[in-house]
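Novice: Below, each chain spelled out in residue letters.
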Amino acid sequence: KNQVEQSPQSLIILEGKNCTLQCNYTVSPFSNLRWYKQDTGRGPVSLTIMTFSENTKSNGRYTATLDADTKQSSLHITASQLSDSASYICVVRYRNNAGNMLTFGGGTRLMVKP
Amino acid sequence: NAGVTQTPKFRILKIGQSMTLQCAQDMNHNYMYWYRQDPGMGLKLIYYSVGAGITDKGEVPNGYNVSRSTTEDFPLRLELAAPSQTSVYFCASSYSAETQYFGPGTRLLVL
Numbered sequence: 017k018n019q020v021e022q023s024p025q026s027l028i029i030l031e032g033k034n035c036t037l038q039c040n041y042t043v044s045p046f047s048n049l050r051w052y053k054q055d056t057g058r059g060p061v062s063l064t065i066m067t068f069s070e071n072t073k074s075n076g077r078y079t080a081t082l083d084a085d086t087k088q089s090s091l092h093i094t095a096s097q098l099s100d101s102a103s104y105i106c107v108v109r110y111r112n113n114a115g116n117m118l119t120f121g122g123g124t125r126l127m128v129k130p
Numbered sequence: 009n010a011g012v013t014q015t016p017k018f019r020i021l022k023i024g025q026s027m028t029l030q031c032a033q034d035m036n037h038n039y040m041y042w043y044r045q046d047p048g049m050g051l052k053l054i055y056y057s058v059g060a061g062i063t064d065k066g067e068v069p070n071g072y073n074v075s076r077s078t079t080e081d082f083p084l085r086l087e088l089a090a091p092s093q094t095s096v097y098f099c100a101s102s103y104s105a106e107t108q109y110f111g112p113g114t115r116l117l118v119l
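So the protein sequences, as listed, match chains A and B.
Using the working numbering, you'd call the opening residue of the first sequence number 17 and step up by one each time.
Using the working numbering, you'd call the opening residue of the second sequence number 9 and step up by one each time.
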């Protein structure tokens with residue numbers, strides 16, 4: 017079964033600290049992996065997209081890594097800010113007979129406290 | 009551009025009632041999607057469309073219907089609302105099958 021699991025489910029950190037969110041997937045065949053940020057009451061917004069050949073990709077203070085062999089990805093947030101408080105969702109795209117499909121993880125809810 | 013817009017923002021339905029969730033985008037995107045997000049869960053794809061006149065079922069289509077008569081609009085229809093359909097509904101669009109732009113969501117409560 018194609019699944020995407022994220023950990024931790026929730027996380028509280030102090031402003032200015034770093035944190036790392038994990039995403040493990042069993043999706044196959046893999047096309048790409050994307051991290052979204054979802055503010056409370058808003059729709060998700062794309063942060064990064066990674067293909068099979070990419071190991072690391074940065075977007076400002078966000079750095080995503082991908083290990084396609086172990087089927088793991090991480091999102092590292094550096095020098096956290098209060099505005100980083102949100103849910104972070106890992107989404108994996110794969111192909112099946114119906115075409116391109118998406119599987120969403122349950123998200124990690126991050127709270128940054130002053 | 010307004011991006012992806014959804015109406016209403018919030019709705020309460022009685023069991024058995026019907027309603028249409030509206031979704032529109034002004035980015036000339038071919039692809040449009042409807043997701044539902046239950047509390048603490050990932051988004052699940054209900055229906056999607058790769059262009060006007062073409063719709064396909066996603067992961068959880070039962071109890072819903074869609075139409076795509078224009079590129080801009082992708083309404084989601086609930087014919088007989090059930091408590092299990094209480095959720096937040098997100099519409100999204102994309103130019104290709106890649107980056108999706110999400111609307112603000114519609115919160116639906118079925119009592």
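Treat the hints as calculated values from the structure; they're not laboratory data.
The beta carbon of each residue, even a glycine, is placed where N, CA and C say it ideally should be.
Heads up, a few of these hints could be off.
A partial selection of chain B residues facing chain A, derived with a Cβ cut-off under 8 Å [said to hold, decoys possible]:
id, residue
1, 16
2, 18
3, 111
4, 113
Which chain B residues stay away from chain A? Per the calculated CB distances, all over 12 Å, these [stated by the list, open to error]:
id, residue
5, 22
6, 23
7, 79
8, 107
Novice: Using Cβ atoms only, decide whether residue 18 of chain B comes closer than 8 Å to chain A, and label the hint accordingly.
Specialist: Because about 10 Å separates residue 18 of chain B from the closest Cβ in chain A, which is outside the 8 Å limit, the hint is violated.
Novice: Go through the hint on residue 113 of chain B and say holds or violated, using the shortest Cβ distance to chain A against 8 Å.
Specialist: 6 Å, holds
Novice: Using the nearest Cβ pair, does residue 16 of chain B come within less than 8 Å of chain A?
Specialist: Result: violated, 14 Å to nearest chain A Cβ.
Novice: Say whether it holds or is violated: residue 107 of chain B keeps its Cβ farther than 12 Å from all Cβ of chain A.
Specialist: Answer for residue 107 of chain B: violated, closest chain A Cβ roughly 5 Å.
Novice: Please settle this one: residue 22 of chain B was flagged as non-interface, so is its CB more than 12 Å from every CB on chain A?
Specialist: 24 Å, holds
Novice: Can you verify the interface hint for residue 111 of chain B: is its Cβ closer than 8 Å to any Cβ in chain A?
Specialist: Since chain A brings a Cβ to about 5 Å from residue 111 of chain B, closer than 8 Å, the hint holds.
Novice: Against chain A, does residue 79 of chain B hold up as non-interface, every C-beta pair farther apart than 12 Å?
Specialist: 19 Å, holds
Novice: Just want to verify: residue 23 of chain B was marked as not at the interface with chain A; is every Cβ pair farther apart than 12 Å?
Specialist: 26 Å, holds
Violation of the numbered hints given earlier is confined to hints 1, 2 and 8; the remaining hints are satisfied by the structure.
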